[in-house]
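Participant: As you go down the protein sequences, you meet chains A and B in turn. Just so it is clear: in the first sequence, position 145 is 144 by numbering that gives the first Met the number 0, and no numbers are missing. Just so it is clear: in the second sequence, position 41 is 40 by numbering that gives the first Met the number 0, and no numbers are missing.
Once the Cα atoms are required to be at most 25 angstroms apart in a straight line, the calculated DMTMM-like pairs of lysine to aspartate or glutamate come out as:
1. Lys68/A to Asp13/B
2. Lys68/A to Glu15/B
3. Lys162/B to Glu23/A
4. Lys68/A to Asp79/B
5. Lys162/B to Glu80/B
6. Lys68/A to Asp8/B
7. Lys68/A to Asp40/B
These aren't lab readings, by the way, just hints derived from the structure by calculation.
Here's the letter readout for the chains.
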Amino acid sequence: MTTSSFRDVEQLSAYLDGQLSGAEKARLEARLKSDPALAALLDDLRQAQALLRRAPHRRAPHNFTLTPKMAGIRPPVPRVVPALSWASAVAMLLFVCTFSYGLIGQLGISAAPRLAASEHYGIGGGPAMAATMAPAATQAPIFPAAATQQPLGTQSADTAVQQLTNGTELPTATPEVSTMKAFVETPTLETRAVQSPGVALRPRSELVHPWPYLWLGLAVVLVLAALIVRWSSRRSFLRKHKSG
Amino acid sequence: MDEPTLIRDAQRGDLEAFNRLVLAYQDQVYNTALRILNDEDLAADAAQEAFLSAFRALNSYRGGSFRAWLLRTVTNACYDELRRKRRRPTTPLEPETEDGEEVESPRWLADPNLSPEQRLDQEELEHAIQHCLENLPTEFRAVVVLADIQGLDYSEVSIAVKKPLGTIKSRLARARLRLRECLQSFRELLPSAFRLEEESSL
Numbered sequence: 000m001t002t003s004s005f006r007d008v009e010q011l012s013a014y015l016d017g018q019l020s021g022a023e024k025a026r027l028e029a030r031l032k033s034d035p036a037l038a039a040l041l042d043d044l045r046q047a048q049a050l051l052r053r054a055p056h057r058r059a060p061h062n063f064t065l066t067p068k069m070a071g072i073r074p075p076v077p078r079v080v081p082a083l084s085w086a087s088a089v090a091m092l093l094f095v096c097t098f099s100y101g102l103i104g105q106l107g108i109s110a111a112p113r114l115a116a117s118e119h120y121g122i123g124g125g126p127a128m129a130a131t132m133a134p135a136a137t138q139a140p141i142f143p144a145a146a147t148q149q150p151l152g153t154q155s156a157d158t159a160v161q162q163l164t165n166g167t168e169l170p171t172a173t174p175e176v177s178t179m180k181a182f183v184e185t186p187t188l189e190t191r192a193v194q195s196p197g198v199a200l201r202p203r204s205e206l207v208h209p210w211p212y213l214w215l216g217l218a219v220v221l222v223l224a225a226l227i228v229r230w231s232s233r234r235s236f237l238r239k240h241k242s243g
Numbered sequence: 000m001d002e003p004t005l006i007r008d009a010q011r012g013d014l015e016a017f018n019r020l021v022l023a024y025q026d027q028v029y030n031t032a033l034r035i036l037n038d039e040d041l042a043a044d045a046a047q048e049a050f051l052s053a054f055r056a057l058n059s060y061r062g063g064s065f066r067a068w069l070l071r072t073v074t075n076a077c078y079d080e081l082r083r084k085r086r087r088p089t090t091p092l093e094p095e096t097e098d099g100e101e102v103e104s105p106r107w108l109a110d111p112n113l114s115p116e117q118r119l120d121q122e123e124l125e126h127a128i129q130h131c132l133e134n135l136p137t138e139f140r141a142v143v144v145l146a147d148i149q150g151l152d153y154s155e156v157s158i159a160v161k162k163p164l165g166t167i168k169s170r171l172a173r174a175r176l177r178l179r180e181c182l183q184s185f186r187e188l189l190p191s192a193f194r195l196e197e198e199s200s201l
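Let the hints inform the model, and build the full structure from the sequences given.
Facilitator: Put into C-alpha cells, the structure is as follows:
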C-alpha cells in the first residue's frame with residue numbers, strides 16, 4: 000500500500016467494476032502480477048466491496064404509496080355530462096336575467112301609467128284623444144253661471160260690469176281648460192276605464208310574464224344537477240383510490 | 000404493464016400507475032435512505048418525501064434509468080435530512096442496556112425468519128457496515144451506497160448524485176479505501192461467511 004498511489008487505487012476500483020478500457024486493463028493486470036502490494040490492495044478493496052454487497056437488505060416498513068390527498072389530486076370534473084361544466088355560468092346568466100327583469104319591472108311601474116296613457120289616450124292627437132275630449136266638451140259646465148255665456152273674448156264690457164255689480168264672479172277658465180287640467184293629472188286605472196270606456200284595460204297581474212320564474216327554476220335545476228353529478232363522481236373516485 | 004408505460008401514465012397524472020412504480024422501488028429507496036441516514040424513522044420519512052417529490056417532478060424525467068432518477072430524489076431527501084440533523088442534533092433512539100449503555104448489535108433490527116446464528120451474523124455485519132459508512136463524508140457515503148449496496152453502475156450513480164463520471168470514479172475509490180481500513184478493525188466481529196471468503200481469496 001505504501002508504494003501505491005491514489006491513482007493506483009482509482010485504477011483498482013475501476014478494474015473491480017469493469018470500467019477500464021482494454022489497454023488499461025491489460026497494463027494493470029501485468030502490474031498486479033509483478034507487484035504483490037498492489038495485488039493485496041486489490042484483494043482488500045474486493046473484500047470491502049463484497050462485504051458491502053452482503054449488507055442485509057431491509058424491507059420497507061410500510062407501503063409508501065401516495066393517496067390523492069398527499070399528491071394534491073382533486074377528483075376530475077365528470078366528462079360524461081360536459082354541458083354541466085357550463086352549468087354555473089348558465090345559472091348565473093339566468094339569475095342575472097331574472098333580477099334584471101325584476102329591476103326593470105320595478106322601474107317601469109312609475110313610467111307605466113304615462114306610457115299606458117299615451118297608448119290608450121293617444122297623446123299627440125289621435126282618435127282616442129278626440130273621443131275623450133268630446134264628452135268633456137259636452138258635459139255640464141263647472142260654473143253654471145257661465146254655462147250659457149259666450150266665449151270670453153266676445154263678451155261685451157257692459158255685460159261684465161253688470162255681472163260685477165250683481166256680485167257674480169267672472170269665470171276663470173273655460174270648460175275645455177278644466178277638462179285638460181283633469182287629463183294632465185295622473186289617472187288611475189279605474190278613472191281611465193271610466194274616462195275611456197271603449198278601451199279595455201288589463202289588470203296589472205296579467206301584465207307580469209312567467210319567464211323569470213321559469214329562468215329561476217331552470218337555474219336551480221342546473222345547479223342541483225351539477226352538484227349531484229360532481230358529488231357522485233367524487234365519491235366513486237375516492238372509492239376507487241381507497242380500494243386500489 | 001411495463002415500466003415505460005407506467006411512467007408515461009404517471010406523467011399524465013395517473014396516481015395508480017405511479018403507485019405501482021412505488022411498490023416496485025420502495026424497498027430499494029428505503030434501503031438507500033437507511034444506509035445513508037442510519038435511522039429507520041428518518042429513512043422512512045425520507046423515502047416518503049422522495050416519492051412525493053418524484054410524483055411532483057415526474058414531468059422532468061426525460062428517459063434513461065428511472066431507478067437512478069428515483070434514487071436521486073431520495074439521495075437529495077437524505078442530504079436535506081442530514082443538514083437538518085447537523086443544525087439540530089438529536090439523541091439517537093437506540094436501545095440501551097440496563098446500565099444505560101448502547102447495545103452493540105440491536106436485536107430489534109433482526110429478521111425473524113433467520114436462525115439465531117444467521118441473525119447474529121447479520122447483526123454484526125450490519126453494525127460494522129453502518130458504523131464504517133457513518134464515518135464517511137456524506138458525498139462518499141451516497142456514492143458507495145448506490146454503487147456497492149444498491150448495485151448501480153457508474154452512469155446511474157452519476158445521474159443519482161448529479162456528478163460527472165470522473166468524480167464518481169474518484170469518490171468511489173476513496174470511499175472503498177476508507178471502508179477497507181475501517182472494516183479491518185471489525186475483522187474479529189465479521190461473519191464467519193465473510194472470513195471464509197477472505198481466506199479463499201488469499
